[in-house]
Amino acid sequence: NAGVTQTPKFQVLKTGQSMTLQCAQDMNHNSMYWYRQDPGMGLRLIYYSASEGTTDKGEVPNGYNVSRLNKREFSLRLESAAPSQTSVYFCATRMEYSNQPQHFGDGTRLSIL
Amino acid sequence: GQQVMQIPQYQHVQEGEDFTTYCNSSTTLSNIQWYKQRPGGHPVFLIQLVKSGEVKKQKRLTFQFGEAKKNSSLHITATQTTDVGTYFCAGCAGNTPLVFGKGTRLSVIA
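In order, the protein sequence lines correspond to chains W and E.
Take the first sequence: its position 7, counting from 1, is numbered 7 in this note's numbering, and each next residue is one higher.
Take the position in the second sequence, starting the count at 1, then add 1000; the result is the number in this note's numbering.
Since the hints were made in silico from the structure, they are not lab data.
Keep in mind that the hints are not guaranteed to be accurate.
Here are the simulated SDA-like pairs of lysine to any residue, each with C-alpha atoms no more than 20 Å apart in a straight line [what the hints assert, rightly or not]:
id, chain 1, residue 1, chain 2, residue 2
1, E, K1070, W, N99
2, E, K1051, E, T1028
3, E, K1057, E, D1083
4, E, K1056, E, H1042
5, E, K1102, W, T55
6, E, K1102, W, K71
7, E, K1036, W, D106
8, E, K1051, E, N1071
9, W, K71, W, V88
10, E, K1036, E, Y1010
11, E, K1036, W, M41
12, E, K1059, E, V1013
13, E, K1056, W, T55
14, E, K1057, W, P101
15, E, K1057, W, Q100
A short list of chain E residues far from chain W (calculated; beta carbon distances all over 12 Å) [said to hold, decoys possible]:
id, residue
16, Q1033
17, L1061
18, E1067
19, H1075
20, D1083
21, T1086
22, T1096
23, V1099
Ideal Cβ positions, reconstructed from N, Cα and C, are used throughout, including at glycine.
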């Protein structure tokens, strides 16, 4: 039972390159989330998908796009990477909106040179 | 929008000392959750509080939810080196995504 799987675990990009971070869950959860974590900034929500077929912006969506491919998969795309996007990215899932815990993947450590 | 403030940002304690982190929301919450993130790891759910004034305990950890449902605290009694990590509170105000505090990083000196 893998839970929430993120790929890749590490990535180094050059400024201007594009990349897609993948997230897949086998927990049959409806809601999926993408966060970035920077030192001293906590977890900031980039985009989320409350259910299959819907996506919404979070606190820091600029420079990112998402796709909820199906109930299991939620990808995050950087179209033109910038050094300011160097961060640790976490995918999380939850059964539904409220009163449920979130389950996080192991994260993707992304460096942009 | 909804904001969740968490203090302190860092706390260094001697092993055996107590530790408390505080969380305050700008809006009334329907529930609050606490997570722990070990160094190099991902956040892991600890507990959820739903009722006004609720107090829950997990071994040496005590969690409280304020009467007005706008603040919460996590208290660890007699810290151990295994308690090292960053503790996050996360508040939910109705049918919206969780809003996380910035976390309190706990260091325990043996």
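To see whether the hints hold, each was checked on the structure:
1. Among the hinted pairs, K1070 (chain E) with N99 (chain W) is consistent with the structure: their alpha-carbon atoms are about 16 Å apart, no more than 20 Å.
2. Between K1051 (chain E) and T1028 (chain E), the direct Cα distance comes to roughly 12 Å. Compliance with the 20 Å bound is thereby established for this hinted pair.
3. Restraint check: the Cα-Cα separation between K1057 (chain E) and D1083 (chain E) comes to about 15 Å, which is no more than 20 Å; the hinted pair holds.
4. Note on K1056 (chain E) and H1042 (chain E): the hinted pairing is violated, with a Cα-Cα distance of about 23 Å set against a maximum of 20 Å.
5. Between K1102 (chain E) and T55 (chain W) the CA atoms are separated by roughly 24 Å; this puts the pair beyond 20 Å, and the hint is violated.
6. For the suggested pair K1102 (chain E) and K71 (chain W), the alpha carbons sit about 29 Å apart, so the restraint of at most 20 Å is broken.
7. For the hint pairing K1036 (chain E) with D106 (chain W), the CA-to-CA distance comes to about 13 Å; that is within 20 Å, so the pair holds.
8. At roughly 12 Å between alpha-carbon atoms, K1051 (chain E) and N1071 (chain E) fall within 20 Å of each other, so this suggested pair holds.
9. About 24 Å separates the Cα atoms of K71 (chain W) and V88 (chain W), which puts this hinted pair outside 20 Å; it is violated.
10. For the given pair, K1036 (chain E) sits about 14 Å from Y1010 (chain E) by alpha-carbon distance, which is consistent with the 20 Å threshold.
11. Only pairs whose Cα atoms come within 20 Å are accepted, and K1036 (chain E) paired with M41 (chain W) is accepted, the gap being roughly 15 Å.
12. A hinted pair counts as satisfied when its Cα atoms are at most 20 Å apart, and K1059 (chain E) with V1013 (chain E) qualifies at roughly 19 Å.
13. At roughly 34 Å between alpha-carbon atoms, K1056 (chain E) and T55 (chain W) are farther apart than 20 Å, so this suggested pair is violated.
14. Between K1057 (chain E) and P101 (chain W) the alpha-carbon distance is near 17 Å, which keeps this suggested pair within the 20 Å criterion.
15. For the given pair, K1057 (chain E) sits about 19 Å from Q100 (chain W) by alpha-carbon distance, which is consistent with the 20 Å threshold.
16. Residue-level check failed: Q1033 (chain E) sits 6 Å from the nearest beta carbon of chain W, not beyond 12 Å.
17. Non-interface call for L1061 (chain E) relative to chain W: holds, since the shortest CB-CB distance, roughly 16 Å, exceeds 12 Å.
18. No beta-carbon of chain W is positioned within 12 Å of the beta-carbon of E1067 (chain E); the least distance is around 20 Å.
19. Annotated as non-interface, H1075 (chain E) keeps its C-beta farther than 12 Å from every C-beta of chain W; the closest such distance is 20 Å.
20. With a least beta-carbon separation of about 19 Å from chain W, D1083 (chain E) lies farther than 12 Å from that chain, consistent with its non-interface assignment.
21. The beta carbon of T1086 (chain E) sits about 9 Å from the closest Cβ of chain W, which is not more than 12 Å, so the claim that it is off the interface is violated.
22. Remark: the non-interface label on T1096 (chain E) conflicts with the geometry, its nearest Cβ contact in chain W lying 7 Å away (cut-off 12 Å).
23. For V1099 (chain E), the condition that its CB be more than 12 Å from all CB atoms of chain W is violated, with the nearest at approximately 8 Å.
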